[in-house]
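Asker: Just so you know, the protein sequences line up as chains A and B, in that order. Just so we're aligned: the first sequence equals residues 89 to 542 in the numbering used here. Just so we're aligned: the second sequence equals residues 89 to 542 in the numbering used here.
Mixed in with the good hints there might be a few duds.
Note that the list lumps identical chains together, so a pair holds whenever it fits in one copy or between two copies.
Quick list of in silico lysine to aspartate or glutamate cross-link-like pairs, EDC-like style, CA-CA up to 16 angstroms [to be verified]:
1) Lys266 with Asp323
2) Lys256 with Asp312
3) Lys249 with Glu230
4) Lys256 with Glu274
5) Lys142 with Glu110
6) Lys294 with Glu347
7) Lys142 with Asp163
Just so you know, the hints here were simulated from the structure itself, not pulled from any lab data. Note that the coordinates shown come from a computational prediction; the quantities given were computed from them, not determined experimentally.
Number of protein chains: 2
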Amino acid sequence: MMDEGRGSEIDELEALIQPGREDDLRTFLLLLHPADVADLIREVEPDTWAPILKHLQPEHAAVLLSELEPNEQEDFLKQINQKALGGILDEMQTDDLADLLQELPEETATEVFKQIPSDDQEEVRELMAYDPESAGGIMQTELVSVLETVSIREAVEAVRKAHEDVDKIITVFVVDDKGRYVGNLEFQHLVFSPPEARVSDEMEPKVTEVTTDLDQEEVARIFDRYSLVEVGVVDRAGILRGRITADDVHEVLIEEAEEDMMVVAGAPQAEPEKVYSGSVLSVAGMRMPWLLSTFCGGMLASLILQRSASVFAEVVVLLTFVPVITGMSGNVGSQSAMIMIRGLATGHVAQGDVVRNVMRDLSIGLIIAAVCGTLVTSLVSLWHGNPMIGLCVGVSLAASMTTASVLGSAEPPILERFGIDPAIAAGPLITTINDVTGVIIYSFVARMFLSGMS
Amino acid sequence: MMDEGRGSEIDELEALIQPGREDDLRTFLLLLHPADVADLIREVEPDTWAPILKHLQPEHAAVLLSELEPNEQEDFLKQINQKALGGILDEMQTDDLADLLQELPEETATEVFKQIPSDDQEEVRELMAYDPESAGGIMQTELVSVLETVSIREAVEAVRKAHEDVDKIITVFVVDDKGRYVGNLEFQHLVFSPPEARVSDEMEPKVTEVTTDLDQEEVARIFDRYSLVEVGVVDRAGILRGRITADDVHEVLIEEAEEDMMVVAGAPQAEPEKVYSGSVLSVAGMRMPWLLSTFCGGMLASLILQRSASVFAEVVVLLTFVPVITGMSGNVGSQSAMIMIRGLATGHVAQGDVVRNVMRDLSIGLIIAAVCGTLVTSLVSLWHGNPMIGLCVGVSLAASMTTASVLGSAEPPILERFGIDPAIAAGPLITTINDVTGVIIYSFVARMFLSGMS
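Sequences are here, hints too, so could you generate the full structure?
Answerer: So, in structure tokens, the structure goes:
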């Protein structure tokens, strides 16, 4: 999101940082959304941040601090005095505080924790105990809840009291006398219900809820399933512990898509945050492991070709078609794998329906393999004037593409059953397996054909 | 999302479809969320849907119809009588109606359109004129808006009037006398502001807005940037035309992630909906185009190897290392491409910063290439007892991996500049280019080494 005016805004900001222009700087910052301040501040050197942070309103600074990348958060903290920090932390939501503390180096985190208002400290500590990728890890504890036995008037009063502390009030959560989540009061209930009516008579029963230990990907799926903008989070006893709003789920979806892409690209160890800011050497280290698996696969393929040297030495030209065989098998296998991965993730392919879908993919693979096999047989036969060579390459290609396609579609459900991320199957793993399988098939077919020729 | 009780729920539903159990069926359906009904109904044969649809409440049937896949929507429409259909369409939101009509075969769509309540027809027609992947294409026209000059009391009255027709009221949109979007009234404003106060004095100025022609991916980015749960959509004149809620954006994020994955898997023509339900032959057709590009690349690689036949015939073993070279180059290239693609998409890599990031990737690529090159040189030298062969393979591998890495990171920004989806770069295209480049480098290096040896 770089809009046209960004360059001039940066110039303006840099001019306003100069001493004597504090009032203009304050006005300038007041008119910007904290997300835009975050963008601008990234463009100036961190050691000039101090005057900007000093003139930001604490609630804007709180949003800014939540939005920055971990290394930028450290720069932020270095540029701000302890007293101002207390005010900013007071404005932050407990879930953002927990995230901040988890990202910071331990020593800094301990220092920051001491500055958190004491009534929030306990909640932040509790939030930090949840797995960061669970519902508990992404929920916020700021919410409005009322007992089902109170009146609508009291519920309105509860909203009035809470609305300073709670951002984005979408619904009022209703709980029973044990604190268990039972229903919701919407916007219109508070406005139109008779003030003396009991909350339990006016509320909507809850559509759904999530438990604190539910994986964040499942939370996203439930939001999608029920078209939610907010959901209540309960513990195992059903007690309301927090809420998750749609914007938290956006972050999850973006993060998960990013992780899947990295897995497919063969760099699952590469944490998105660090790939762009880490040292060159550390990034090389993150990218290495999968490359080594490809390396082993490639070496294995070479070894197999060498074991068949007697065959290939007779007709060296056969060896030159290895890139066609490995390239095509790898490609068709990734397609099949990805289609199965997405099918499982979106529910297009039900777990009970895996075998039927693999068989379906086999039929598709056979058609594609037949077309490509025929094509390569004709081309190579014409090219070399030897239909046996053409047929040898064509049959190998068709056989290895069909195998690759079946392997590609069967792998993701198998990986998932063993609790491994099925996205791995679309990455270098399947390509490498397909390279080796393709080469084995090719050696085998070549041997058969040549023994037939001689 | 298959929970434990699903199997028994299906049995129960099948028992309740039998004649004479209508009341039990009605009660059973009343207790389920429409999203759960959608799941259950998929498990029974479409020709037994009629009694289920008959006993669903129209508002539940409306949600169900919106949630079904295109081919299931046709089954739904076949099983329902015209009168009931009118009631269901009346309960549907205009954006869901527009989506439905766009998915249906033209003839059915015309029939359905006639059943839409006449006051909605015009709006649906307007919505259908927008690009389905733009803000106009995903927005709904149901919203609550008030003039800035009215009182809070009148705003409350407007909400009261609208709340039958508008699902999920999150905010009241405030417009000026020209209909231009100017601000918002939140939950708390309606409850706590003095009833006689002017809306313009109480409202929050709008944080942001999107225009009807904005791409849906940009809309998602704006939701993420400002942590929104809802946004107003305006035309070029700033007139409020509709709203987009966070759940619509979830669908966009899921859809876009799916599309990106399909592009990376080398099946960008494969529309997610049709891959799982289309005929085997049509899916094979969707998957073919990219495979053919790999095919051409592979054949080109073969041709290059054959042109160097004189070199390779001398040392046939060199040809057996082609899978290592192509496999590793493809892999490291995809990694670089994906890291750049995600960096551009998330803003980790700014457009002005592309060159620095390509250079950074070059350094990383050089480190990885040096490690792999050294490894393969040592292994092959030991294995074949000939350091010249080892060095020839190692130097070729290092050179082709470095090239692959640079090509991988440079391609996405170049594609983006030409308005092409940069995700293509992580797919078979880059792998194929890398295969060919790797083979060219290998032939060249082999020739140099062998002329040195002789």
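Asker: Hints first: check each against the structure and report whether it holds.
Answerer: Status of each hint after checking the structure:
no. : hint               : result
1   : Lys266 with Asp323 : within (12 angstroms within a copy, 50 angstroms between copies)
2   : Lys256 with Asp312 : between (20 angstroms within a copy, 15 angstroms between copies)
3   : Lys249 with Glu230 : within (12 angstroms within a copy, 31 angstroms between copies)
4   : Lys256 with Glu274 : both (13 angstroms within a copy, 8 angstroms between copies)
5   : Lys142 with Glu110 : within (10 angstroms within a copy, 69 angstroms between copies)
6   : Lys294 with Glu347 : neither (32 angstroms within a copy, 34 angstroms between copies)
7   : Lys142 with Asp163 : within (14 angstroms within a copy, 63 angstroms between copies)
Against the hints set out earlier in the document, a violation occurs for number 6 only.
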